[in-house]
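Q: As you go down the protein sequences, you meet chains A and B in turn. Residue numbering for the first sequence is 3 to 202, as defined by the working numbering. Residue numbering for the second sequence is 3 to 202, as defined by the working numbering.
If you're looking for bench data, these hints aren't it; they were derived computationally from the structure. Careful: at least some of the hints might be erroneous.
For chains that are exact copies, the list does not tell them apart, and a pair is met inside one copy or across any two.
Said to hold, decoys possible - Simulated pairs of lysine-lysine, BS3-like, Cα-Cα distance not exceeding 27 Å: (1) 170 x 82; (2) 120 x 170; (3) 19 x 82; (4) 19 x 56; (5) 69 x 141; (6) 83 x 100; (7) 141 x 120; (8) 19 x 93; (9) 19 x 83; (10) 136 x 26; (11) 19 x 170; (12) 102 x 26.
There are 2 protein chains.
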Amino acid sequence: MSEQIESIARLKNQFSKLPGVGGKTAMRFAHFIVEQESSFAEQFAEAILEVKQKVQLCPRCGYFLEKGQKCQFCDNVSRKKDIICVVAFPKDVIALEKTKSYNGEYHVLNGVISPLQKKGPNDLRIKELLERVKTNNIKEVIMATNPDIEGEATAIYISNILKPLGIKVSRIAQGIQMGSDIEFADVATLQHALENRNEI
Amino acid sequence: MSEQIESIARLKNQFSKLPGVGGKTAMRFAHFIVEQESSFAEQFAEAILEVKQKVQLCPRCGYFLEKGQKCQFCDNVSRKKDIICVVAFPKDVIALEKTKSYNGEYHVLNGVISPLQKKGPNDLRIKELLERVKTNNIKEVIMATNPDIEGEATAIYISNILKPLGIKVSRIAQGIQMGSDIEFADVATLQHALENRNEI
């Protein structure tokens, strides 16, 4: 068994820590590395080290930032400075940017309030958000956390803090997905779509 | 977009070379690495380099071998030396070992004959197999390549070489999978199961 070969077992173990990777897939990845040229492994290892050496999180918005470079959002004068879109993770910023429908700033919370994962408000970048809102004359904060229980709870928690400060807080619209069937929509979504119907 | 951050793009590119990993998953892995402690990245990179430094393929059977160590199959006196099980990849050895039903030696071909992947007989470790068969008084060779077109073709190709040498060549049995339904078996499998029926 290749589990008996310690270095393969160690690499398998590392791969299995990646999100969504189980034991079999991790072993497949480990075997793949063994079967490639040494240069492949070297480039792979270097890319992993490099990303940690070069990339940090912007201390302001929490999105990725190449060290020594300016933040593509915070330091970009062509973006609106009085509106902040709040997301849970950097990947959500990527999804929103793809829409090309938003030209303000971002604030990455680094998670959502989740009792199951033992994440409370203090584990998120909420204090930093408050600081930005207070000192930067922000007009609107868009809550773009996921429309699930934890994302909703986080959006409500933060809006409860911001509203007393006189800040407009909005939530991305929820409803029937574009191109989908009403027939197959879940009850909660359909309820939301009805309640938030727009005049046409 | 984090594709704009070069080092993340490079790491994503490396991950996307792993078998079965598409662009989105590769990006997810890359983000995951960025979000972990530096020590995580260091251990990961080290595990990748270590596996290439420490693991090689046994020049005899083609299975993994920790450098400086003996092959767990070829150099194991408790295993039968006159029977060789031929497989396409090291992972097949792991699957067969799990059955605990085989105690002979192995021979990893490193692939199968595949015109689509431009793999011919000369790209496989067939010459090495012939050498072993000729010099080691082998009584039986079990062809344990996959029961698909390429695996079948490879098994037939090799058996055509070995049989004239007076070697017994066998093929792992094909038939209805244990615990499955005849109703759902494909025609080829069912044909095979009928033709190769055993008296009970």
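Q: Would you mind marking each hint as holding or not holding in the structure?
A: Hint-by-hint comparison with the structure:
With identical chains, the CA atoms of residue 170 and residue 82 are at most 27 Å apart within one copy only, with a shortest distance of 15 Å there and 77 Å across copies. Taking the closest pair of Cα atoms, residue 120 and residue 170 never come within 27 Å of each other, the shortest separation being 29 Å inside a single copy and 62 Å across copies. In this homomeric assembly, residue 19 and residue 82 never come within 27 Å of each other (Cα to Cα): the closest approach is 38 Å inside a single copy and 38 Å across copies. Taking the shortest Cα distances, residue 19 and residue 56 sit within 27 Å of each other both inside one copy (22 Å) and across copies (22 Å).
Taking the shortest alpha-carbon separations for residue 69 and residue 141, neither the intra-copy value of 30 Å nor the inter-copy value of 64 Å comes in at or below 27 Å. In this assembly of identical chains, the alpha carbons of residue 83 and residue 100 lie at most 27 Å apart only when taken from the same copy (20 Å versus 61 Å across copies). When the C-alpha separation of residue 141 and residue 120 is checked against a cutoff of 27 Å, the pair qualifies neither within a copy, at 32 Å, nor between copies, at 62 Å. Taking the closest pair of Cα atoms, residue 19 and residue 93 come within 27 Å of each other both inside a single copy (19 Å) and across two copies (21 Å).
Taking the shortest Cα distances, residue 19 and residue 83 never come within 27 Å of each other, neither inside one copy (38 Å) nor across copies (39 Å). In this assembly of identical chains, residue 136 and residue 26 lie within 27 Å of each other by CA distance neither inside one copy nor across copies; the values are 50 Å within and 36 Å between. With identical chains, the CA atoms of residue 19 and residue 170 are never at most 27 Å apart, being 40 Å at best within one copy and 45 Å at best between copies. Taking identical chains as interchangeable, the C-alpha atoms of residue 102 and residue 26 lie at most 27 Å apart only when they sit on different chains, with a minimum of 19 Å there against 39 Å within one chain.
Of the numbered hints listed earlier, those contradicted by the structure are 2, 3, 5, 7, 9, 10, 11.
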